[in-house]
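> Sequence:
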Amino acid sequence: MFPEYQIRDFFEQPLPFEAFHIDKLETLNSIPSKIVSPHKHHFHELFYVTEGHAVHNVDFEEFE
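Just so we're aligned, residue 76 is where the sequence shown starts under our numbering, counting upward by one.
Keep in mind the hints are simulated off the structure, nothing from the lab. This structure is a prediction, so every number in the text was calculated from the model and none was measured. All C-beta atoms, glycine included, are put in the ideal place defined by N, C-alpha and C. Careful, some of the hints might be misleading.
What the hints assert, rightly or not - Per label pair, the in silico range of CB-to-CB distance:
1) P91 with E136: 31 to 41 Å
2) M76 with T125: 32 to 42 Å
3) Q88 with E137: 12 to 22 Å
4) I110 with E137: 15 to 25 Å
5) P89 with E139: 14 to 24 Å
Using the sequences provided together with the hints, build the complete structure.
Below, the structure written as structure tokens:
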């Protein structure tokens, strides 16, 4: 159905740990070209937003 990605698929360099990764979105220069939309993650994500605005689609439901 949709491609499913591991956390390591979002980074060009190997990660020291694959159980978890903490980072700021601004340090992610771009999403690798191999990541297509829509897609699934084989990991959980937690976003802590302090300012700004974004729209995310999760399981076909839109969140602002």
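> Next, verify each hint and record whether it holds.
Hint check results:
1. Roughly 34 Å separates the CB atoms of P91 and E136, a value that falls within the hinted 31 to 41 Å.
2. Separated by about 34 Å at the C-beta atoms, M76 and T125 satisfy the suggested range of 32 to 42 Å.
3. The hinted window of 12 to 22 Å between Q88 and E137 is violated, with their beta carbons roughly 32 Å apart.
4. Distance hint check: the CB atoms of I110 and E137 are about 20 Å apart, consistent with the given range 15 to 25 Å.
5. A hinted range of 14 to 24 Å for the beta carbons of P89 and E139 is inconsistent with their spacing of about 34 Å.
When the structure is compared with the earlier hints, violations turn up for hints 3, 5 and for no others.
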